[in-house]
Amino acid sequence: MSEIPAGPGWSQNKLRLQNVSRTFQTPRGPLTALEDISLEIQEGEFLCVVGPSGCGKSTLLNLIAGLDRPTSGDIWKDSAPVDGPGTDRIVIFQELGLFPWLTVLENVEFGLRMQGVSKAQRREQSRRYLRMVHLSSFESSYVHQLSGGMKQRVALARSLVTEPDVLLMDEPFAALDAQTRDLLHEEMERIWAETRKTIVFVTHNVREAVRLGGRVIVLSFRPGRIKSQFTITLPRPRHLEDPELALTAREVLAQLKEEINKAVEEEFRHEENH
Amino acid sequence: MKRITRQLAFYLCLVAIWQVISDLHIWPPYLFPSPGSVLEALQTGFADRSFLIGIGISLKRIAVGYGLSVLLGIGLGFLIAASEFLEATLGGLVLSLQSLPSLCWLPLAVLWFGLSEKAIIFVVVMGSLLSVTINTQAGVRHVPKIYLMAGRNLGARGLLLFLYVLLPASQPHLVSGLKQGWAFAWRSLISGEMIFVSLGLGHLLMMGRDLNDMSQVVAVMAIIMAIGHIVDRLLFERLENRIRHKWGLVGAA
Ligand SMILES: Nc1ncnc2c1ncn2[C@@H]1O[C@H](COP(=O)(O)OP(=O)(O)OP(=O)(O)O)[C@@H](O)[C@H]1O
Ligand SMILES: [Mg+2]
Chain F
1 MSEIPAGPGW SQNKLRLQNV SRTFQTPRGP LTALEDISLE IQEGEFLCVV
51 GPSGCGKSTL LNLIAGLDRP TSGDIWKDSA PVDGPGTDRI VIFQELGLFP
101 WLTVLENVEF GLRMQGVSKA QRREQSRRYL RMVHLSSFES SYVHQLSGGM
151 KQRVALARSL VTEPDVLLMD EPFAALDAQT RDLLHEEMER IWAETRKTIV
201 FVTHNVREAV RLGGRVIVLS FRPGRIKSQF TITLPRPRHL EDPELALTAR
251 EVLAQLKEEI NKAVEEEFRH EENH
Chain E
275 MKRITRQLAF YLCLVAIWQV ISDLHIWPPY LFPSPGSVLE ALQTGFADRS
325 FLIGIGISLK RIAVGYGLSV LLGIGLGFLI AASEFLEATL GGLVLSLQSL
375 PSLCWLPLAV LWFGLSEKAI IFVVVMGSLL SVTINTQAGV RHVPKIYLMA
425 GRNLGARGLL LFLYVLLPAS QPHLVSGLKQ GWAFAWRSLI SGEMIFVSLG
475 LGHLLMMGRD LNDMSQVVAV MAIIMAIGHI VDRLLFERLE NRIRHKWGLV
525 GAA
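Residue numbers (the working numbering), protein chains in the order written: chain F, 1 to 274; chain E, 275 to 527.
Don't read these hints as lab results, they were simulated from the structure. Incorrect hints may have been included.
[As the list claims (entries may be wrong)] In silico EDC-like links for lysine to aspartate or glutamate, alpha-carbon gap of 16 angstroms or less:
| hint | chain 1 | residue 1 | chain 2 | residue 2 |
| --- | --- | --- | --- | --- |
| 1 | F | K227 | F | D177 |
| 2 | E | K419 | F | E139 |
| 3 | F | K151 | F | D78 |
| 4 | F | K151 | F | E124 |
| 5 | E | K520 | F | E139 |
| 6 | E | K520 | F | E106 |
| 7 | F | K151 | F | E139 |
| 8 | F | K197 | F | E35 |
| 9 | F | K227 | F | E35 |
| 10 | F | K197 | F | E244 |
| 11 | E | K419 | F | E95 |
| 12 | F | K197 | F | D177 |
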């Protein structure tokens with residue numbers, strides 16, 4: 001497996017976040033979702049981010065994608081500052097956001113269409129990615145005709161087709177049954193190995209994080225900071241049932257539990273106040 | 275298929291009851307015409323081409339008036355939805371104007387445009403423009419933010435984002451707006467023509483009254499209903515169904 005070179009040489013950094021904070025103005029006053037996040041992500045790294053609900057995981061991905069701007073701090077990609085969205089960094093949203101008015105193939109084509117790629121060429125390219133996620137025979141279906149796992153794979157193909165070098169995935173497999181999720185884990189690992197993309201993968205499932213990631217980051221709850229990091233050196237391919245994997249997962253989980261408890265406490269306090 | 279036969283049977287029953295009542299001679303025929311005399315009125319109306327001319331004139335007016343409403347209404351709807359300021363000001367005005375029956379615009383129209391074709395088109399536009407606007411605006415407002423995020427993420431911005439994400443994403447509301455706008459436009463036109471009296475189906479209706487020809491009145495009413503219904507069914511309902519199927523908004527039925 002590819003090992004991260006010792007000493008984070010700045011030229012190999014795909015992404016660099018420096019003291020990034022994001023504060024939202026809400027009716028109940030300012031809410032700091034992320035605070036002082038400094039992070040370097042290597043080219044070809046598979047980074048998993050875990051944290052309790054509401055700690056700012058989606059916010060982090062939106063910031064990297066350029067769909068949202070940090071209140072303070074800087075984000076760099078390939079040593080250029082991130083300024084707005086770009087098809088080099090594609091998000092697979094928690095809610096997917098597949099377009100119901102388009103067929104599967106047209107959904108996958110969308111990014112290329114926006115780039116003005118000719119019809120023949122974008123058809124061909126999109127079909128290649130549909131094959132990659134085993135959905136060729138569903139290219140003329142509409143989104144609502146697909147199962148949850150199939151929708152996930154369409155979203156994956158739609159994101160890959162513009163050949164981004166950074167893939168930002170937001171709890172993509174949260175709503176799936178265990179078998180489908182296992183399959184998609186294998187598929188993700190394969191695609192990652194084939195394309196060597198830099199992946200930031202958000203999940204609240206610690207086992208999933210350890211199963212997929214080369215590194216796992218635990219975010220703290222409100223404000224979201226980097227609480228701890230784990231480098232996962234378990235050999236690939238991995239399986240969710242591997243005993244070593246379970247052991248590592250337990251370590252990560254201990255860290256996460258503390259934050260979840262904080263989140264629950266805050267929820268209680270909030271309820272008492274009302 | 276089954277639905278059509280059932281509907282046909284229903285209408286035949288209705289005509290049969292009508293026939294029976296008129297056979298009872300409770301009211302004189304000039305107040306309650308029989309189905310036969312209405313059919314006759316239809317035949318003569320089409321034979322001397324007066325109905326055809328009336329239909330042609332009304333259809334031309336509705337095409338112009340409704341066409342204008344659609345263009346202006348969709349444009350205005352997107353414009354209002356695009357800015358919070360316009361939404362608070364112009365949006366409110368549109369809502370309150372919508373409560374005016376379209377005939378209220380007739381005196382204004384006559385003052386501005388005289389007894390001209392423009393005046394009646396104006397009434398049609400005012401009758402349907404606002405409902406197209408309001409529905410367009412609602413359509414834009416109901417577009418889930420995630421589609422815009424996904425669109426931007428995949429490289430759509432500016433005009434591309436509007437054409438390929440915002441516009442199709444507001445389709446379901448847009449079509450309801452067009453459908454509702456059509457119904458309003460058609461009603462406004464006929465009532466306008468009835469008062470304004472310058473050819474068209476509404477005018478034929480009034481002529482029937484002036485001549486005490488109840489059969490003609492009922493015949494013209496049937497034509498007005500038929501046109502309104504056919505456009506609604508053949509055009510808008512099909513469009514709506516197609517979108518609902520595509521989006522998966524229909525139940526299992
Ligand atoms: N546009 C916004 N306006 C105001 N507050 C926001 C906005 N977006 C996010 N937040 C707040 O920021 C915090 C972090 O949100 P975020 O969606 O990033 O959490 P998350 O870690 O992805 O949670 P989950 O696991 O439930 O998806 C939350 O408290 C949320 O309420
Ligand atoms: Mg989230």
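Now the hints, each set against the structure:
1. Distance restraint check for K227 (chain F) and D177 (chain F): the Cα-Cα separation of roughly 30 angstroms exceeds the 16 angstroms cut-off, and the hinted pair is therefore not satisfied.
2. Distance check on the hinted pair: K419 (chain E) and E139 (chain F) sit about 25 angstroms apart at the alpha-carbon level, beyond 16 angstroms; violated.
3. Between the alpha carbons of K151 (chain F) and D78 (chain F) the distance comes to roughly 31 angstroms, so the proposed pair goes past 16 angstroms and is violated.
4. Between K151 (chain F) and E124 (chain F), the direct Cα distance comes to roughly 20 angstroms. Violation of the 16 angstroms bound is thereby established for this hinted pair.
5. At most 16 angstroms may separate the alpha-carbon atoms for a hinted pair to count; K520 (chain E) and E139 (chain F) meet this at roughly 14 angstroms.
6. Straight-line distance between C-alpha atoms of K520 (chain E) and E106 (chain F) comes to about 13 angstroms, which keeps the hinted pair within the 16 angstroms bound.
7. As the CA atoms of K151 (chain F) and E139 (chain F) are separated by approximately 12 angstroms, the hinted pair is consistent with the 16 angstroms bound.
8. Under the criterion of a C-alpha separation no larger than 16 angstroms, the hint pairing K197 (chain F) with E35 (chain F) is inconsistent with the structure, at around 27 angstroms.
9. A C-alpha spacing of about 11 angstroms is found between K227 (chain F) and E35 (chain F), which places the hinted pair at or below 16 angstroms, so the restraint holds.
10. Distance check on the hinted pair: K197 (chain F) and E244 (chain F) sit about 26 angstroms apart at the alpha-carbon level, beyond 16 angstroms; violated.
11. Proximity of K419 (chain E) to E95 (chain F) is assessed by CA-CA distance (about 11 angstroms); at most 16 angstroms being required, the pair is judged to hold.
12. At roughly 26 angstroms between alpha-carbon atoms, K197 (chain F) and D177 (chain F) are farther apart than 16 angstroms, so this suggested pair is violated.
Hints 1, 2, 3, 4, 8, 10, 12 from the list above are not met by this structure, while the remaining hints are.
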